[in-house]
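Visitor: Those sequence lines, one after another, are chains L and G. Numbered according to my numbering, the first sequence spans residues 1 to 225. Numbered according to my numbering, the second sequence spans residues 1 to 404.
What the hints contain is simulated information worked out from the structure, not anything from laboratory work. The structure displayed is predicted, hence computed values, not measured ones. Note that beta-carbon positions come from the ideal geometry of N, C-alpha and C, so glycine has one too. Watch out, some of these pointers could steer you wrong.
Coverage of chain G stretches by chain L, computed from C-beta distances (three or more under 8 Å per stretch; other residues unrestricted) [as the list claims (entries may be wrong)]:
| hint | region |
| --- | --- |
| 1 | 1-7 |
| 2 | 302-310 |
| 3 | 314-325 |
| 4 | 391-401 |
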Amino acid sequence: MKLILRDVCKDVTFNDQRIHILTNVNMEIRYGEITAIIGSSGSGKTTLLNIMSLIDRVSSGNYYIGDVNVSSWDDNQKSEFRRAYSSIVFQQYNLVSRLSSYDNVKLPLLVNRRINSSDRRAIVLESLKRLGMEHRKDHKPSTLSGGEQQRIAIARALVNNPATIFADEPTGNVDKGNESIILKAFRDMAEEGRAVIIVTHSETVRDYSNKVFRLKHGEISEVVQ
Amino acid sequence: MKIRDNIEYGGSSFLSQIRHNKSIFIVLSIVIIVFNMTYSLAMSVKASSESEITDNQNLCYIEGTSYSDAITTDTLNEIRAIEGVKSAFFHRLISCAIEIKADDDVKEGFMGYQVSAVPVDKRDIEAITGLQLVLGENDIIVNESYHDEGGLQTGTEVFLSYNYSYNEYTGTRKEVKVRIAGFYKQPVLNAWPDDVILVDSSLFDTMQSALYMLSASDIKEAQMDQTAIVIIADDVSNTNKVAGIMKERYETIRLNYALKAAEGLPVFAQAIFVVGGIIVISLIIMSVVVISSTMGNMLKNRLHEIGIIRAIGFKVADVRQLLIIEVTIIALSAVCISMGSFYLLMVLLNVILAKQDLFLLALEISGSQILWSTGITFFTMYIATFKIIGKTSKLNIVEVLRYE
Ligand SMILES: Nc1ncnc2c1ncn2[C@@H]1O[C@H](COP(=O)(O)OP(=O)(O)OP(=O)(O)O)[C@@H](O)[C@H]1O
Ligand SMILES: [Mg+2]
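Make the full structure from the sequences, and use the hints.
Guide: Rendered as structure tokens:
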């Protein structure tokens with residue numbers, strides 16, 4: 001199984017001006033691997049991740065999940081992919097501010113039909129524990145540090161046990177110890193045959209990755225390690 | 001998404017937003033209070049008028065009073081001939097008394113009842129009492145409330161005593177032996193006291209000439225007291241028609257009939273309904289505007305949250321369901337709050353009314369009132385929010401997450 005991008009372009013119109021964010025991006029992401037995407041600020045990494053995680057659409061080109069061209073999918077099918085087969089760790093964490101850590105982590109389970117509601121509590125606590133955040137389960141995001149919020153965001157992404165994980169600078173705000181906890185979790189997932197796609201600036205993350213792509217002014221190239 | 005999770009999620013977001021719902025609760029409470037006030041008022045008016053209609057067997061009666069000339073016998077006959085008229089007679093009354101004596105000769109220890117005699121013929125008797133009776137000169141029909149009083153029964157022989165004038169200043173009582181031919185339920189007429197006995201017109205004439213020191217023919221000639229008539233329609237449904245014809249033909253006869261009063265009340269109730277309805281509808285429109293802007297602002301604050309759950313995999317339909325549940329919870333609370341405020345207001349009004357010795361309002365809230373209030377609240381909430389819910393659930397995920 002692979003995620004394949006063919007000649008993907010992303011343009012936006014801003015103040016009547018056309019901005020090319022991504023130009024002719026071609027890449028293949030394999031399941032069972034950690035794929036890193038690096039690039040300077042503003043190079044289009046988040047945009048690329050949004051396209052791959054199906055919350056954004058391509059302007060032109062094709063995106064295949066397995067053999068399926070997702071441009072033929074309607075919103076429900078895309079939502080189905082997001083809820084059942086993938087998770088996103090956002091660069092800005094995007095925790096729901098009025099909900100506790102526990103309830104934030106629980107969110108994906110509300111729309112996951114494979115998990116019984118009676119098992120939820122244990123699963124949520126397990127995910128929080130994995131990131132060392134169990135003691136903060138009743139805290140609202142505003143009472144957490146940046147690094148703690150980031151770990152809650154990761155706990156939320158992992159709770160579903162997704163086949164695909166898109167993580168936008170998931171270790172940008174955490175210390176070395178936590179970084180290695182997170183990366184080990186990602187490596188375990190890859191070893192289980194899942195696809196882990198990480199946008200990063202961190203050298204450590206690159207060391208954990210099987211494949212590294214560099215984005216520069218919207219163009220992609222593979223970095224040979 | 002499971003409905004239980006949905007309610008839990010909707011409930012928690014409702015609670016977190018409750019401060020912002022204040023204006024929604026206020027406008028909906030105003031709508032519901034005004035609606036219930038109108039409803040209660042109209043219903044009590046309607047109920048009172050309906051009880052009047054069902055309690056009233058007098059709806060066939062029309063009383064007419066001429067305010068210029070006396071009504072001639074010809075006119076009376078014309079009226080009798082109007083289609084739908086069962087009977088019509090001059091309204092004439094004379095005071096007399098029924099006296100029961102243990103012995104004809106013993107004047108001591110008698111019992112007597114002051115009554116009013118009204119002269120009627122066979123046709124009138126049938127119309128008033130439903131009895132097929134021809135009264136002899138010495139027969140009377142007595143108001144049924146006297147039945148068994150002092151042993152009065154059909155067939156009992158009693159004395160009818162009446163005034164006999166010698167001249168303008170002096171007089172005595174005369175009496176005539178009569179037989180009670182029956183009892184009847186007296187209709188309630190404005191002009192009738194509630195002690196009316198029905199007598200044959202010759203007996204009435206005798207009593208009247210005794211009182212006025214005139215011969216019966218002289219009295220007829222003078223058309224004395226022939227200014228009022230009682231008309232009985234053959235059916236309630238014909239009362240209005242007969243009254244209409246009367247009004248048209250005899251402009252100088254003023255009519256008074258129970259059905260007119262009874263029909264005036266539902267019209268009043270309808271007027272309350274119409275006016276109240278217009279006010280309630282305007283208030284609903286106003287609250288739709290207020291609620292949709294309040295909800296619009298509220299949802300604007302929640303775009304980020306909705307963007308997040310959409311990114312997590314909530315479908316458009318899930319989000320829509322979530323928001324509908326939230327609106328439903330708001331509507332349900334609004335029903336409770338507004339009905340509660342309405343009830344409190346009624347209690348308060350009663351306290352004020354009681355202080356001023358005025359009648360008290362009924363404190364019952366009927367099932368249909370609750371149903372209507374709930375319906376209006378939900379209708380208003382859904383109308384006010386369905387568009388914004390549709391729009392919000394279809395938001396652009398990337399856009400709302402970017403604008404954090
Ligand atoms: N909707 C938009 N309108 C205008 N410009 C946009 C829009 N979306 C993205 N851009 C621009 O596209 C470029 C790439 O944005 P993106 O968020 O993908 O960068 P990034 O590589 O994730 O940067 P960073 O490392 O700082 O997170 C930026 O220059 C940004 O300003
Ligand atoms: Mg970025």
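Visitor: Work down the list of hints and note, for each, if the structure agrees.
Guide: A quick look at each hint next to the structure:
1. Proximity of the region 1-7 of chain G to chain L, defined as three or more residues with a beta carbon under 8 Å from a beta carbon of that chain, is established by the 4 residues found.
2. Restraint check on the region 302-310 of chain G versus chain L: 6 residues with Cβ-Cβ distances below 8 Å, three needed, restraint holds.
3. Coverage of the region 314-325 of chain G by chain L holds [criterion: at least 3 residues with CB-CB distance below 8 Å; count 5].
4. With 3 residues bearing a CB less than 8 Å from a CB of chain L, the region 391-401 of chain G meets the requirement of three and the coverage assertion stands.
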